[in-house]
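What follows is each chain in one-letter form.
Protein chains: 2
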Amino acid sequence: MSAENIKWNNLDTLKAFQELGKKEKVSLKDVMSGESGAARVKKYTMPMAAGLAYNYAAKAVNDDIIDGLAKLAEEAQLTDKFAALYNGEVINTGEKRLVLHHLTRSQLGEDVVKDGTNKREFYVAQQKKIEAFANDVHAGKIVNGAGEKFTTVVQIGIGGSDLGPRAMYLALENWAKQTGNFNMEAKFISNVDPDDAAGVLQGIDVAHSLFVLVSKSGTTLETLTNESFVKDALAKAGLDASRHMVAVTSETSPLAGNSDYLQAFFMDDFIGGRFSSTSAVGGAVLSLAFTPEVFARFLNGAAEEDKLVKNADVKANPALLDALIGVYERNILGFPATALLPYSQALSRFPAHLQQADMESNGKSVNRFGEFVNYPTGPVLFGEPGTNGQHSFYQLLHQGTDIVPLQFIGFKDSQLGVDVDIQGSTSQKKLCANVVAQIIAFACGKEDDNNNKKFAGNRPSSIIIGGQLTPEAMGALLSHYENKIMFQGFLWNVNSFDQEGVQLGKVLAKKVLAHETDGALKEFSELFEI
Amino acid sequence: MSAENIKWNNLDTLKAFQELGKKEKVSLKDVMSGESGAARVKKYTMPMAAGLAYNYAAKAVNDDIIDGLAKLAEEAQLTDKFAALYNGEVINTGEKRLVLHHLTRSQLGEDVVKDGTNKREFYVAQQKKIEAFANDVHAGKIVNGAGEKFTTVVQIGIGGSDLGPRAMYLALENWAKQTGNFNMEAKFISNVDPDDAAGVLQGIDVAHSLFVLVSKSGTTLETLTNESFVKDALAKAGLDASRHMVAVTSETSPLAGNSDYLQAFFMDDFIGGRFSSTSAVGGAVLSLAFTPEVFARFLNGAAEEDKLVKNADVKANPALLDALIGVYERNILGFPATALLPYSQALSRFPAHLQQADMESNGKSVNRFGEFVNYPTGPVLFGEPGTNGQHSFYQLLHQGTDIVPLQFIGFKDSQLGVDVDIQGSTSQKKLCANVVAQIIAFACGKEDDNNNKKFAGNRPSSIIIGGQLTPEAMGALLSHYENKIMFQGFLWNVNSFDQEGVQLGKVLAKKVLAHETDGALKEFSELFEI
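In order, the protein sequences belong to chains S and P.
One gets my numbering by counting positions in the first sequence from 1 and adding 1387 to each.
One gets my numbering by counting positions in the second sequence from 1 and adding 1387 to each.
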């Protein structure tokens, strides 16, 4: 389908959406009980890349509703819109930009040539440049001023330059140690709070640290401030900063072609910060901390998952169905939040990354044409790893007055393979038993004569089940959620790729620092003695 | 007022609540603009302990609504109920228990004697026992089998035995290093995921580590499993586990009076896990990591704040007014979530702790008498430190379709005092300028011809402003939120001190491990090969 035939319509104007609202609702408690529940677990599942599977048995859907969701996907032209995106249409209409993060890991459609450059080739070239650099660092060919090897890599960046790469590093740190793929410890400096940089610098050996400065524009206030912080520390230690710093930036930024940096690796305006983990933004730190091969395997996992996402059949496209069910829960069932609950300590910061990816993309009130929409868009997203969350906020999820749809993730095997057998089972089996138990507890609930011990059930969840959290599995997980967010943005008819809501705060903060304030802003500034 | 005169009524039956709903709403955008806004910042503030101040200028209230909130506080007998609690009434009706966490830091009212024990004296005795133990460890009087000093303390616990102590440790770690109060690095093992324990153990020197096992009942599955994990590691290193472990538990638990532990420090059934940071649960790890004096200062901050909270005047009781405004936002304005946004990297895990404290306490659907209530109770609570959040989920907070009330925290000074001056200001000033700017951006918004760049404003926030995040300030902050949660529980007429919603998952997980499953539970178990 050519791009001219794509229609961008508000969700509430779509016939399929109106029909969907009229369909009989599913009593999850009923359908998940007994043999019906068993049949659903076997039926409502589909394979993902890297051995993962997406299971939606415990979502409040049935064949009739899934049929309605399929009609909605078709009417909203969701996979056509995805094709337009990866074929290089200007999908980010606000900023008039292409949206090309998929090209950092695969060629999904036509060649995308912009200003004479084949963009896939450009991203691959950056990956190769990082590979050569990381190999030289690991081999001791690139060393500090004293000729010694670097042992630590410190990423300086905020938002998308921090949350995704940090989450990916934590996700694969133990796996890399276990498999002999660990080269350098990674640390992260993000906040403009001086205690963040000072605290990290206290805990590392700066003489053997390589700093990766990440800013697309080269003008992010927090990041440049923290760069100065680090340069101060290097100078105080009698070290030449230019031997300790690399930049990840765009080719037109002041950080490019600058002798202050050992090397510069490039991204461009077509990679949004929150979608940049598979670009040089994630590539530099992950290739240095682990190996370039580990980063390549992570990209392959994402690429394999992306391919599944091209499929127009909702029953064979996990991100597409997940997105549709999410919109059904938000706009028809009326649930205001969603929780991401990975049963994996390694995924401890993955919810924080997806909190940005999701809420910054779809937390919008105007459609692609700048008109206010009449329906709720992106929900609040939060989460912590299980089983920890069970001992924390799950009380509200089970017995609170609001229903919060849940997204579980679980793996059969641990990463380190060290385990103990207590009361007849390993810790890993206990972990898996807990996530399974929670799905059923949320869906089916429990009767009790004492209302305080009663569980209403009917609380929907999905789960992604994998063998082990490998680089490929991490790539596939990342792709899944990125694409889910994209499809939901298409459904809500918002531009998921700009973030105008962050601008006003920046403008006012500058006024405060310049003492150009009045009214409440002036009074609050005085309370802080600014 | 005697306990018999206290009436426990549902929020929607209170006359003051009905009257409150009829009052004209405040346009925050209007009242926070110009001179009106400046006047509000000066007027709508009150002192807290440890030099903190609670400012609610940017909440959607005015004198009329505050008057209505005061009437609600009076009719709901909020400070009388608090007095009943600290004087030892059975406030936790479900479990028929007293609620005595305030006594871990101060004597607020009458002596509470239970089973012949003065409870305040009991908690103080535990604190003194910890003090003596920690001093001996720091002085090298209690050492490992080779006669060497311990360098690391590892807390093994989950939920309330993890989140609060971990958040407090991170909050004060840099402060302690800077002020010469740092003795031992602390680590935390919580998740039953074997990669959590294995990962922590890989990163420490077990021969010089002291493990603090925390479980009130002595039966928490995750904690006992992780204890075995640690004992395995100690045995493999040829070490005698009983020289490396202490217990924090109740006197009746199997961990008490057990030669497997160097020492046992006690709490009891009247300290809920999520309110246990000021008991031995926080006391052992914080006294060992820092000093007993630092822990005592933390308790003093909480005690000073608790005293303010006795005040029946809503304009002089920050926790009381904060609680009332939160219920106004939840039950009259209809907002489903709230965000906690500390502009302090040291408070990075404080939102996770309050997520438990708040959602586990008030995420309930039945009142104290086991009757279902007809109104929303506890909201979803989430948050990350600023300025990081600004580059993440703030897009939705500014321009999303739902309004999320905000709770800011900020400090004039950093903890480490290391800073750089860039573009005419330090990082600390930039941090403060940002939080001030955000308050105004959220409240007042901005007009723009382009709807995509328009900010609707009217998004309410409060802020707690302090000088520096010291132990006293941390104690006062903790007290504030604990007491706020308590008052909100009183208003919603729920029992904030039980957590029946966590039980069903435990029961089902045991069934899965025992292979006593059928239906969907059996099918999911097979997918995980349990």
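Check before you lean on any hint, since a few could be wrong.
Heads up, the list lumps identical chains together, so a pair's fine if it works in one copy or across two of them.
[Said to hold, decoys possible] Straight-line Cα separation of at most 30 Å, DSS-like style, residue types lysine-lysine; simulated pairs:
(1) K1416 x K1458
(2) K1412 x K1501
(3) K1416 x K1909
(4) K1697 x K1564
(5) K1536 x K1564
(6) K1898 x K1840
(7) K1623 x K1501
(8) K1483 x K1833
Note that these hints are calculated values from the structure, not bench results.
Computed from a prediction, not measured in an experiment: that's the story for all the values here.
Here is what the structure says about each hint:
Taking CA atoms no more than 30 Å apart as the test, K1416 paired with K1458 passes inside one copy only; the shortest distance there is 26 Å, against 42 Å between copies. Taking the closest pair of Cα atoms, K1412 and K1501 never come within 30 Å of each other, the shortest separation being 47 Å inside a single copy and 52 Å across copies. Taking CA atoms no more than 30 Å apart as the test, K1416 paired with K1909 passes between copies only; the shortest distance there is 16 Å, against 55 Å inside one copy. Neither within a single protomer nor between protomers do K1697 and K1564 lie at most 30 Å apart by alpha-carbon distance, with minima of 35 Å and 53 Å respectively.
For the identical chains of this complex, K1536 and K1564 are neighbours both inside a copy (19 Å) and across copies (29 Å), given an alpha-carbon limit of 30 Å. In this homomeric assembly, K1898 and K1840 come within 30 Å of each other (Cα to Cα) only across copies, at 18 Å, whereas the closest approach inside a single copy is 54 Å. Within a single copy, K1623 and K1501 get their C-alpha atoms no closer than 44 Å, and across copies no closer than 60 Å, so neither meets the 30 Å cut-off. Proximity of K1483 to K1833 under the C-alpha cut-off of 30 Å is restricted to the inter-copy arrangement: shortest distance 23 Å between copies versus 52 Å within a copy.
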